[in-house]
Structure formats: C-alpha cells, structure tokens
Amino acid sequence: NAGVTQTPKFQVLKTGQSMTLQCAQDMNHEYMSWYRQDPGMGLRLIHYSVGAGITDQGEVPNGYNVSRSTTEDFPLRLLSAAPSQTSVYFCASSPARSGANVLTFGAGSRLTVL
Amino acid sequence: DAKTTQPPSMDCAEGRAANLPCNHSTISGNEYVYWYRQIHSQGPQYIIHGLKNNETNEMASLIITEDRKSSTLILPHATLRDTAVYYCIVRVRSGAGSYQLTFGKGTKLSVIP
Chain A
299 NAGVTQTPKF
309 QVLKTGQSMT
319 LQCAQDMNHE
329 YMSWYRQDPG
339 MGLRLIHYSV
349 GAGITDQGEV
359 PNGYNVSRST
369 TEDFPLRLLS
379 AAPSQTSVYF
389 CASSPARSGA
399 NVLTFGAGSR
409 LTVL
Chain B
6 DAKTTQPPSM
16 DCAEGRAANL
26 PCNHSTISGN
36 EYVYWYRQIH
46 SQGPQYIIHG
56 LKNNETNEMA
66 SLIITEDRKS
76 STLILPHATL
86 RDTAVYYCIV
96 RVRSGAGSYQ
106 LTFGKGTKLS
116 VIP
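In order, the protein sequence lines correspond to chains A and B.
Note that the working numbering numbers the first sequence so that position 36 is 334, with each residue one more than the last.
Note that the working numbering numbers the second sequence so that position 92 is 97, with each residue one more than the last.
Note that these hints are calculated values from the structure, not bench results.
Quick caveat, the model's predicted, so the values are computed rather than measured.
Check before you lean on any hint, since a few could be wrong.
Unchecked claim - In the BS3-like style, the derived pairs of lysine-lysine whose C-alpha atoms are separated by at most 27 Å in a straight line are: (1) Lys113/B <-> Lys307/A; (2) Lys57/B <-> Lys74/B; (3) Lys110/B <-> Lys8/B; (4) Lys113/B <-> Lys74/B; (5) Lys307/A <-> Lys110/B; (6) Lys113/B <-> Lys57/B.
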C-alpha cells in the first residue's frame, strides 16, 4: 500500500495565483484532514472530512477550500495565494468515520508564496 | 477543550530510557491521550494512545496517572533515530460532532551518543 500520497512536494506561487494540493489514500479511510505547519510551530487543522460528500472547517480554514467527491481523494484549493500561506501542508487520514484516531500522514507539501 | 503542557526540550543518553511528561489537568473522563512524533520535517507518526490504563506496544509505553491529569511516554532504550519532536494530544470532540487532534508545539527530544 502507498498510504497517503501528497503532490506536489514543492511549489512556488506568486501572490494571487491559485493552485490545488492533491491528497490521495488507498487504505479506504473514512476520515481525511489537512494541516499546515509553520516554522517552529505545531500543526494546525485547516479542513477535515468524515466521508465522501462531507467536509467541515478546522481551526484555520480561511483562504482554503476542500471537497470530497470520493473516499480516496481530498484536494486542498488555495483560491488566491497570499504570503501568509507559505507553509508545509500535511494531509492525514484515519479509518473511523467518527473522526481523527490513529492518523496516517503524508510526506508533506512545501508551499512558498512570493 | 482539554489542553496539554509539555517541556519544550529534553535530552536523553543513547541506550537509556526516555521519559517524556505531559500535563493534561483539564481532561474529561472520555477523552483519550495520544502521542505522535515528527522526525525532522517528515509527517507525524502515531506512537500510542490510551484512556486510563497503561498501554504498551512495540514502540513505547504510556503511563497515565490514576487521576488522568498527566501521562508519561516511555521509550525504553532510546536510539539516535528517536531524536524527534514528540506531541502529546488529547482528542476532543468538535462542534460538528466528530473527533479532532490538535497538535501543540511538543517536546524536542535529542538523543545524545
């Protein structure tokens, strides 16, 4: 099993550009989530989903959109990138529909907004 | 929401036991304690979790005090590869009714040769 796959690993954007960070898991996990990690900080929850068609906001959702059309995929969209969104982004999944439990994390996507 | 308090950093000699403390004095009766670690810039890795009984797996042991207000993660024989940031997390129920894990700054464990 590949686990949780994130693409791209690195991305540089200009202010105002849009892009999508991809996240896919092959473990048939119901719960998926996106975190961001700024230098020297812990992870902050952006959005999460407890199943296909269901999404909700986490701690820092502004500037990001998500959708969950399939169990496997949970893309994160930046509509108009800002320098404050420079960060490392982690996608994570867990089996339970009730929410976060034993999370499996992806390797991360490092985003720089100029 | 229950919050956790961890020392920002600790050192441990290679081959010795690493004991990482965590305070969660406001924990509720049905809230689990989870431990994760993050090696360098990789994605966090699950270690262990528990409710009120002590737990052990192939990676570590988790000791939870009887009043559940604190816990200790024990790595029995620390190696250089255990150098990482260790997060103690209390799982809480969000307003939408599902469970979330909130990561603080954790404890930076340095294993010294």
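Cross-check of the supplied hints:
At roughly 25 Å between alpha-carbon atoms, lysine 113/B and lysine 307/A fall within 27 Å of each other, so this suggested pair holds. Proposed proximity of lysine 57/B and lysine 74/B is supported: the alpha carbons are some 10 Å apart, at most 27 Å. Taking the CA atoms of lysine 110/B and lysine 8/B, the gap is near 12 Å; set against the 27 Å cutoff, the hint holds. With a C-alpha separation of about 22 Å, the suggested pair lysine 113/B and lysine 74/B falls inside the 27 Å cut-off, and the hint holds.
With a CA separation close to 23 Å, the supplied pair lysine 307/A and lysine 110/B stays within the 27 Å bound. Straight-line distance between C-alpha atoms of lysine 113/B and lysine 57/B comes to about 25 Å, which keeps the hinted pair within the 27 Å bound.
The structure meets every hint from the earlier list without exception.
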